[in-house]
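Using the sequences and the hints given, assemble the complete structure.
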Amino acid sequence: MEVNITRENNTITVRFSGRMDTPGAQEITPKMNALAEEANKTIILDCTDLSYISSSGLRIFLTLRKAALDKGGKIIVRNICDSIRSVFMMTGFLNLFEIQSAK
Amino acid sequence: MRARLMLVIVATITLEVTAIIQFVYAQREIKREASLRAKSELESAEHKIMDVVNQAEAAVRNSIWVAEWCLEYPDSLVRIPQRVVSENPVVVGSTMALVPGYSATYPLYAPYVARDLETDELRLLSLATDEYDYPSKEWFTKPIELNDSYWSEPYFDENGGDILMTTFSMPVKDKNGTIAAILTADISLDWLTEFIGKIKVYPNAFNIVISRSGQIMVCPVETLVMQTTVDQFASASEDHEALEQVNQALLSGQSGEMPVRYQGETNHVYFSPVERTGWSLSIVLPEKELYSGVRRIGMLVMILQLLGVAMLIVILRVVAKNQAKYQRLNEQKERMENELHIAREIQMAMIPKTFPPFPERKDLDLAASIIPAKEVGGDLYDFFIRDEKMFFCIGDVSGKGIPASLVMAVTRSLFRAMSAHEDSPAKIVASMNNTMSETNENNMFVTFFCAVLDLTTGRLRYCNAGHNPPMILTDAIRTLPVEPNLPLGILNGADFVEQEITFNYDDALLLFTDGLSEAENVSHEQFGEARIEAALHGRKSSEDHLKNIEQKVASFVGDADQSDDMTILFIHYLGHGNKKSYHLTLHNDIAQIALLPEFVETVADQAKLSLETTSNLNLALEEAVANVISYAYPEGTDGVVDIDACVTEHEVSFVITDSGKAFDPTAKEELDINAGVEERPIGGLGIHLVRTIMDTVSYERKEEQNILTITKTY
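Read top to bottom, the protein sequences are chains A and B. So the first sequence is residues 1 to 103, counted in the numbering used here. So the second sequence is residues 104 to 817, counted in the numbering used here.
Hints listed in this document are in silico derivations from the structure and should not be mistaken for laboratory results. Note that the structure is predicted; figures quoted are calculated from it, not measured. Careful, some of the hints might be misleading.
Claimed, not checked - Derived CB-CB ranges, DEER-like:
1) A:ASN4 x B:ALA770: 34 to 44 angstroms
2) B:LYS711 x A:ASN9: 41 to 51 angstroms
3) A:PRO30 x B:GLU772: 24 to 34 angstroms
4) B:ASP741 x A:ASN9: 31 to 41 angstroms
5) A:LYS31 x B:THR769: 29 to 39 angstroms
6) A:ASN9 x B:LEU698: 36 to 46 angstroms
7) B:ASP692 x A:ASN9: 33 to 43 angstroms
8) B:ALA770 x A:THR13: 34 to 44 angstroms
Claimed, not checked - Chain A regions said to be covered by chain B (calculated; three or more residues, Cβ under 8 angstroms):
9) 19-25
10) 92-99
Beta carbons are placed, not taken as given, at the ideal position from N, Cα and C, and that holds for glycine.
Here it is, written out as structure tokens:
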């Protein structure tokens, strides 16, 4: 599980790659918690290379979403694959996040 | 025996006592009757005598005034007796005897006119002879002495021979009132003897007339007549006291009755005086005669009663004999029933009765039972394993009783024989049918279901010969489709169609006889297949299923009698069949979760699942396992999580087992996925995903283990 964070102006882009399963989510949790401090900005969660997400990963997404709500920032989820979309559907996350598809 | 004797004794005593009472009353009644009859006879005899007596008296009295008038003309005195005799037929003789010395002309004068009884001519005689000396005669002296009329003692007529006579005398007075003469009228007592002799109250009763001095005037024993007084007779007799008493009564002019013993016999004497004459009439009734009728009847009754008692004894003996016969029959019946039960037990011993029958086998859970009706019936079931195949059958022989149970034994033997080398149920059934119909002289038939279950592959071949179709329990409960083959024993050479299905892991089959489906309650409703199906719901062991059904039937039937055998065979297949199992053991380390995708992929490959379903299964399993790793074991301790996956045609299931502290993830509240960002809790997503992805999620805490089973069907 890899996380690549790039900053451009007021926008932070987080690129995930690999499987955000329980150990994967555990792995990136420190970085993601740090990112929550900047939730006043626009954070794009790029899932193009993310193949799998479990509830641990969903919790990270939800934590960021709650932080953005607190701090007035914005979370955008980009390019989720079908299996993750179905997980978002099952958990009601489709209603909680702004989802952007690839150009 | 004793009761019978008592009965006879009581009956006899009752009958005899009744007879005696009846006899006593009858005797008393008869005596009363006899007394009344005797009295009335006495009365009528007395009237008759009085009639004659009155005639004689009247003859004299009517001539008295003439006699008194004639006193002054002694020559005409002879005409007085003439007149008395000629004008009165009852009078046989009469005299007008002058008191000696009254007439100067005739110191003694007594012209006597007598009627010749044969010629009816009157003869004139004189009583004034020296030999006769009439002034000394009683008939002459008594009236003078009494200055009144007088009836003499009876006497034998000295002139006319043997005729018994009596004389009525009356004084004839002159103008001065002096007794001048005695006018008499003789009457013969022959009529009396004849008349009294005719009175027969009873054939052997007799009558006696005695005079005022006790002289016997009329009596059946002629030698006693005028020879003996009662007094003399009494003193010579054995019961003289009684006779004397009678005599006293008679002499004093009483009437009444008295028992007198004479020559060993008791006689009843009824007596009554005859007015004026001083006579006494007696009727003597021998008691023997009096009671002879009632004694005869009494004897007859007694004989009849004894006959009745004899008959009673005979009847009792016959009844007792029959009773003994019935008792023997009953004993016989009991013995037969006993033997039948033994036969039944032997039969029951033929069929497998030990459960579980194959304890070493994990792929089979089997239970069966026969609840026999009161009467022996012909239900059977059987099963055995040969070459990893289980052969089993259930059958119901038509009819009941010994024939049915014998056919049942034959059927079972044939099943064993035919299935020893044959794997096809249709062929087994066909051979059984041919053998049975060849020798079926009693037209008995057997409904029969025969099946062969390949325990390795789950292939179930079966052939139903007219039996009620079994129920199959897979994902649903339904009736196993069966071809309408004929029952066994009906048609030699009949065709039997074989059918086939495949059993998967956990599939089950319920076989039963109509004793179950047609079990009736008191209102004659049948248990029916719908109730059987309802009883089969829920996961249970075969034995529990069996018990449950039996309990349901019992409470349905209630107090109604079980009319038919009830046989149930429950087969629960736990073999592999098409099932594939996989196993993975993880340590309680989150990093181990990385091993799941490969495991899930292997399972999904077997199940030929889509990528999306595979991914979902992976997610569900990860969530379930992560939960265990995170919560079951305390930090720093080493624990294990076992995952057993199972793939069948219809489903894939994972059983996650750990030995950690009790933790039920299914107890968590359902997540509200429509809540807004602020309200959404961070936790609860994992179990929500498991629930959403899988079709069933069940948790069990067993033997210190958490067992979570999650299943996905497709």
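We went through each hint and held it up to the structure:
1. Separation of ASN4 of chain A from ALA770 of chain B is about 40 angstroms and conforms to the stated range, judged on CB atoms against 34 to 44 angstroms.
2. Taking the beta carbon of each, LYS711 of chain B and ASN9 of chain A are about 50 angstroms apart, inside 41 to 51 angstroms as hinted.
3. Look at PRO30 of chain A against GLU772 of chain B: about 30 angstroms separates their beta carbons, and that is inside 24 to 34 angstroms.
4. Checked against the hint of 31 to 41 angstroms, the pair ASP741 of chain B and ASN9 of chain A fails, with Cβ atoms roughly 50 angstroms apart.
5. A hinted range of 29 to 39 angstroms holds for the C-beta pair LYS31 of chain A and THR769 of chain B, which are about 34 angstroms apart.
6. Checking the proposed 36 to 46 angstroms range against ASN9 of chain A and LEU698 of chain B shows it holds: the Cβ atoms sit about 43 angstroms from each other.
7. At roughly 42 angstroms, the beta carbons of ASP692 of chain B and ASN9 of chain A sit within the given window of 33 to 43 angstroms.
8. About 41 angstroms separates the C-beta atoms of ALA770 of chain B and THR13 of chain A, a value consistent with the hinted range of 34 to 44 angstroms.
9. Counting residues of the region 19-25 of chain A whose CB lies closer than 8 angstroms to any CB of chain B gives 4, which reaches the minimum of 3, so the coverage claim holds.
10. Look at the region 92-99 of chain A against chain B: 3 of its residues bring a Cβ nearer than 8 angstroms to a Cβ of that chain, three or more, so the hint holds.
Hint 4 from the earlier list is the only one contradicted by this structure; the remaining hints agree with it.
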